Each structure stands twice: as C-alpha cells, then as structure tokens.
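Engineer: Chain by chain, the residues run as shown.
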Amino acid sequence: MSVQIWTYLFIFLSFSLYIGIAIWSRAGSTKEFYVAGGGVPPLANGMATAADWMSAASFISMAGLISFLGRDGTFYLMGWTGGYVLLALLLAPYLRKFGKFTVPDFIGDRYYSQSARLIAVFCAIAISFVYVCGQMQGAGIVFSRFLEVDFTTGVLIGMAIVFFYAVLGGMKGITYTQVAQYCVLIFAFMVPAIFISILMTGQPIPQIGFGSELTEAYGGGYLLDRLDGLSEQLGFDTYTEGQRSTQDVFFITAALMFGTAGLPHVIIRFFTVPNVRDARKSAGYALVFIAILYTTAPAVAAFARTNLINTVNNAEYVAVPEWFSKWEDTGLIVFDDKNNDGRIQYVGDPEINELNVNRDIMVLANPEIAELPNWVVALVVAGALAAALSTAAGLLLVISTSVAHDMLKRTFMPGISEKQELLYARLSIFVAVLVAGYYGINAPAYVAQVVAFAFGLAAASFFPAIVLGIFQKSMNKEGAIAGMVVGFSITASYIIYFKIINPAADSADNWWLGISPEGIGALGTLANLLVALAVSRFTPEPPTEVQAIVENIRLPGEVVTS
Amino acid sequence: MSDSSAHSYWKANIRLVLSLLCVWFFISFGCGILFVDALDNIRFGGFKLGFWIAQQGSIFVFVALILIYIRAMDKLDDKYNLESSNHSESTPKEDSQ
Numbered sequence: 001m002s003v004q005i006w007t008y009l010f011i012f013l014s015f016s017l018y019i020g021i022a023i024w025s026r027a028g029s030t031k032e033f034y035v036a037g038g039g040v041p042p043l044a045n046g047m048a049t050a051a052d053w054m055s056a057a058s059f060i061s062m063a064g065l066i067s068f069l070g071r072d073g074t075f076y077l078m079g080w081t082g083g084y085v086l087l088a089l090l091l092a093p094y095l096r097k098f099g100k101f102t103v104p105d106f107i108g109d110r111y112y113s114q115s116a117r118l119i120a121v122f123c124a125i126a127i128s129f130v131y132v133c134g135q136m137q138g139a140g141i142v143f144s145r146f147l148e149v150d151f152t153t154g155v156l157i158g159m160a161i162v163f164f165y166a167v168l169g170g171m172k173g174i175t176y177t178q179v180a181q182y183c184v185l186i187f188a189f190m191v192p193a194i195f196i197s198i199l200m201t202g203q204p205i206p207q208i209g210f211g212s213e214l215t216e217a218y219g220g221g222y223l224l225d226r227l228d229g230l231s232e233q234l235g236f237d238t239y240t241e242g243q244r245s246t247q248d249v250f251f252i253t254a255a256l257m258f259g260t261a262g263l264p265h266v267i268i269r270f271f272t273v274p275n276v277r278d279a280r281k282s283a284g285y286a287l288v289f290i291a292i293l294y295t296t297a298p299a300v301a302a303f304a305r306t307n308l309i310n311t312v313n314n315a316e317y318v319a320v321p322e323w324f325s326k327w328e329d330t331g332l333i334v335f336d337d338k339n340n341d342g343r344i345q346y347v348g349d350p351e352i353n354e355l356n357v358n359r360d361i362m363v364l365a366n367p368e369i370a371e372l373p374n375w376v377v378a379l380v381v382a383g384a385l386a387a388a389l390s391t392a393a394g395l396l397l398v399i400s401t402s403v404a405h406d407m408l409k410r411t412f413m414p415g416i417s418e419k420q421e422l423l424y425a426r427l428s429i430f431v432a433v434l435v436a437g438y439y440g441i442n443a444p445a446y447v448a449q450v451v452a453f454a455f456g457l458a459a460a461s462f463f464p465a466i467v468l469g470i471f472q473k474s475m476n477k478e479g480a481i482a483g484m485v486v487g488f489s490i491t492a493s494y495i496i497y498f499k500i501i502n503p504a505a506d507s508a509d510n511w512w513l514g515i516s517p518e519g520i521g522a523l524g525t526l527a528n529l530l531v532a533l534a535v536s537r538f539t540p541e542p543p544t545e546v547q548a549i550v551e552n553i554r555l556p557g558e559v560v561t562s
Numbered sequence: 001m002s003d004s005s006a007h008s009y010w011k012a013n014i015r016l017v018l019s020l021l022c023v024w025f026f027i028s029f030g031c032g033i034l035f036v037d038a039l040d041n042i043r044f045g046g047f048k049l050g051f052w053i054a055q056q057g058s059i060f061v062f063v064a065l066i067l068i069y070i071r072a073m074d075k076l077d078d079k080y081n082l083e084s085s086n087h088s089e090s091t092p093k094e095d096s097q
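Order-wise, the sequence lines are chains A and B. With the first letter of the first sequence counted as 1, position 8 gets the number 8 in my numbering; the numbers rise by one all the way through. With the first letter of the second sequence counted as 1, position 96 gets the number 96 in my numbering; the numbers rise by one all the way through.
Source of the hints: derived by calculation from the structure; they are not laboratory data. As the structure is a prediction and not an experimental result, all values here were calculated from the model. Among these hints, one or two may not hold up.
What the hints assert, rightly or not - Taking CB as the label site, the calculated pair distances span: (1) B:Leu34 <-> A:Tyr112: 52 to 60 Å; (2) B:Leu34 <-> A:Ile416: 35 to 43 Å; (3) A:Glu216 <-> B:Arg43: 44 to 52 Å; (4) A:Thr215 <-> B:Arg43: 19 to 27 Å.
As the list claims (entries may be wrong) - Incomplete in silico selection of chain A near chain B, CB under 8 Å: (5) Gly82; (6) Glu216; (7) Gly219; (8) Arg244; (9) Val288; (10) Glu478; (11) Gln547; (12) Val550.
Heads up, the beta-carbon is just placed ideally off N, CA and C, and yes, glycines get one too.
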C-alpha cells in the first residue's frame, strides 16, 4: 500500500476514535466542562497532561530544530522538561488544594481584586492565542504534505475536528481524547526512532543508540563523532559544540522553564484530579510520559541530521528520492543549482550552498529519508496530528473558560444561570477556533518559534504571581498587579520590537545584555518578582481572610469548596 | 491541624522543596549550561559528558526529583495527618480546617 493510503487509514481510525470518545464523554455541567468533574485518575491525568503539553512544536519541530542547532538545541530539551519540576514542587499541589476552575480564579481570589482577575484573563487569552496559532500551523503543514491538500484546507480540517470535540465535551471530552492522543503520538514518535536506531547503530533503544557506534553501512565510528566530522567537513557548526552565547542559552532555558510552569492550559489540568496527593502524583506521571519523547528527540535529531547529509549532499538532482521532490512541491525544501552541475551542494557557506531545508519538516521527513516502510511514515503523520490537536483543544478550553467563567460569570454577568454559562463557554470556543485558524493560516514564524513567545509571556505574567501568592503571605494585590503588568509589558514589547517592528535589528549585537527575544521572558519574570516585592512593601497588607486562604492552601487534606 | 504542627509541616515542606530545587538548578543551569564545556572533556561511550547532561541526563534527573518529591511529601502528609488526628482527640476544635 502507498504512503497516502496508509495515511488516510491511520487518520480515519484515529479521528474516529477521538470523535467516538467525544460523543461518549459529553459535558452536562460547567464543572464537567471546565475541570472534567474533578474526578480524573492521576495516571489518566498524567497522560492527558503529556499530550496537552506536547504540541506540534514538540512532535514536529523540536527534533528538527535541534538537528540544526546542535548542542544549543538543549534549551528546548531542558526548558520544556525542567519546568515540570517547578510546576510539581511549587504550583500543582497548592492550586489543587485551592480547588477552583481557572488560573484567573486563583489570581482574582488570592489578590481579592477584579482588576487582577481581568489582567489574568487578558494574559491567559493572549498566551493561549499565540500558542494555538502554532498548533493550527503545524496541522496545516502535515495535511498539506501528506494529504496533498493545500495548506489552508489543512488548517480548516484541523479546526473542524478540534471544534467538534472541544465544544461537545469541554474538559471532559478533551481529557479522554488527550489520553488517546498521547498513546497515538508516543507510539508514532517511538516506532520510527527505534527503526532508525536499529538501522544506523544496531541498538534498539534510541537513547543508547545516540551514544553508540554506527554500523558498517553508515561508515562506523561513534554517531556523534561522525556527525561532528561531517559538519566540520561541510563547513557547518560543530554539532556537539554551542554557538550561542552562554547567557543567551541560560536565559532562553529559564524563560521556557518558568513559562512551562506558568502556562494556563497545563495548570488547569491539575484542577481535574480528586485531591492534592493525586495532583502531585499526576505531575510525576506527566513528566515520565513527556521524558519518553524528550529523551528520544535529541537522538532522532542526530540520526536525522546524519542521514540528511549522507543522502542529499553531492547527490545528483535528477536522481533524488521521491520524498525530496514532494517536499519541494510544498516549498519547504528549496534547491537552487548555483553552479549548474546538476548535483546538490549542501554546505555551511551560504554563497555555495544550494539547498534550504525547512527545519519543521525533519521529523516528518525522517522516516522517508531512512527508507522505512510506508506504514511507519503514515503513523508519524497521525502522531503529528494527535500532538497538534490535543494541545490546540487544551488551549481553546482556556480561552473559553476565561471568557465564560472569569469574564462573564465572575465579573460582568454574575446573574447568568449555569446553562447560559455553558452556552457562552461553547460559543467562545467557536469564536476562538475561527480566530486561531485565521492566524494559523497567516502566521509569521516557524511553529516552535511562535510557541516560544507564548512561554515568555506566561513566564513573565503568571509564574511569579502564582508562586508569590502561595509562598509569600504578605503579597498584596497592588504588588501582584504591578508585577504582572510590568513583566508582561517588558516581555511583549521586546518580542514585538524585534519580531514585528524592526526584524532587521534582530541580532546579538542589538539585543539587550545579549538576550534574544526567545529568552526575554526570564528577565520579565525577574522584573515581575522584584516589582511585586517592592510595591507590596509600601502598600497595605492583604486582608486577614485572604491570609487565611493562603494558610489553608499550604496544608494538604480536604479540598475547600466555596 | 494545630498551628504549631501546621508551622512545622510547612517548614519541612520548604526545606524539601529548596533542597530539590538546588539539585535542579545545579544539574540544568550548572552542568547543562555554565560548566558544559569543562564537562565535555570527560567522555563515556560516544558521549561528551557535558553534551549528554544537557541533552539527556538532565531530563532523567528532573524525573527523579519529582518522584523523590512525591514520596517524601506523601510520607510527610501521613506523619502530620496522623499527628493531627491524635491531636483532635485530646484537644478538640483546635483544627484549622
């Protein structure tokens, strides 16, 4: 069977599964719609969190980015996993004890202020929008390449599916589809990785194959040494050495970690488990499930890079494999025969280099480059879609709860009935899907880059406000509001300046303290913390009942319901 | 739970969290970023040590840290829940719930 038939088959099967689950788990109440009724077992929540978390960026782009960044790609690996340590130790158990529906709920109640609540709503919506556009874009790339529909149609199909199960099931539907999506995506990521590892190193575990010797067919010697050698020979940067400045890598890693811990769609997953112990446990499960992919990704990156260089460099253009021409059709591989010799020169020097490969396609192209069976190629497609759709659904839910619950029910229209609130929640998902689809089609940068900005914003706004709210009893509303506003503004304006207003200036010479826009979130976090602490010293203490809430969330035991 | 046992519970919790975060910082930002070039001089198998910690080792450590945290906190909870239930028998209505 051809790749295309396999692809249709896998997509049909996986989508029917998601839709089946959605119908089975329709939400009847706002509690079911917002937090899946609060009764999700920790193992299921761990899987759902992992799928929620691992987006198109993790699945499709990350290994590709690393394969072009070499050691510098580390900031994605450590940043996107290390944040879970912060989440598990500093946030998840306390927010579960607090026991409400959303992040703005916590901010609004803890800081006894409607303005704080609205600022949190604004941040949650802004972050989730930036992030969801990246997912739609990812789904679009996958559809356009493998179903050979155009990019826009691809995004529209993705929108329709997410819309269906998010609107129907809310958090309940999303949770159980995410469990299924986790299984699909991890299987789809591991199977080709294991295949390629066996092919190249004879070692079935990719994490070990990463540090093993290549088989004779691939020229022998340790994989990483060989890759370093190839890179040097062709004038690329040495794979296992860093090119970016240490402080930039430091700040990007920190921004991604703080952002991970501050992303509302991940935080709300911990509201869905029955109690504090389960919240801690599911954070552990989540990181275990995530680590399976994240420790495989750097191995996949190294395999893919070696394979790509071996396959295309100095190959005759007329004799390139089929996958090469198909990616050329999508414009994601561009070949320009500068010296007219009919061969592909793939080298570091931009004057002589004739090949441009979009970094987002490496994971998708990898099984074809390694000549794996057609069903494996198709499986990767289904996995990529599972990753994009599961994250998109989680984000859309945040947008919907922010509008229906925090903005309408808790602020502007406290009188509405539960039924009306549920209707507004569904309506806002509908609008959010449309807007996300629009920006997915007309988005500016690479998937992982778009997503990186969402992290900066989450890091600089929510993370300090929540941590201080738990660990600093004297933190008051003035401090928290000032901190969030300053942190968010610094981060957003830095990113907007370098990415939209003046992209030409986006280079290390012009960056502030050598920090790239991807890493500015870490500085924003610091600014938020300092401003919050300073302002709270000169303004009145929080009222005693708020201090009592803080006392209470620090202790395990029965969940308070108010 | 009485105020004093709530206080000592919280102190034990903070101590645990801080020590785990020290390891977290040392491995990720320390070994994975700041000292990575120095550690790269050590090799095992096909890996340079610094590179391996940055791309794989740190993630294993993160998982271990959370698992240690879950176990330690469960123990701590058991210890204090036990104490608080003993308390409530002898000194009724001192509960902060």
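Engineer: Take the hints in turn and mark each one as holding or not.
Structural biologist: Evaluation of the provided hints:
no.	hint	verdict
1	B:Leu34 <-> A:Tyr112: 52 to 60 Å	41 Å, violated
2	B:Leu34 <-> A:Ile416: 35 to 43 Å	53 Å, violated
3	A:Glu216 <-> B:Arg43: 44 to 52 Å	23 Å, violated
4	A:Thr215 <-> B:Arg43: 19 to 27 Å	21 Å, holds
5	Gly82	5 Å, holds
6	Glu216	16 Å, violated
7	Gly219	14 Å, violated
8	Arg244	10 Å, violated
9	Val288	6 Å, holds
10	Glu478	25 Å, violated
11	Gln547	12 Å, violated
12	Val550	11 Å, violated
Of the numbered hints listed earlier, those contradicted by the structure are 1, 2, 3, 6, 7, 8, 10, 11 and 12.
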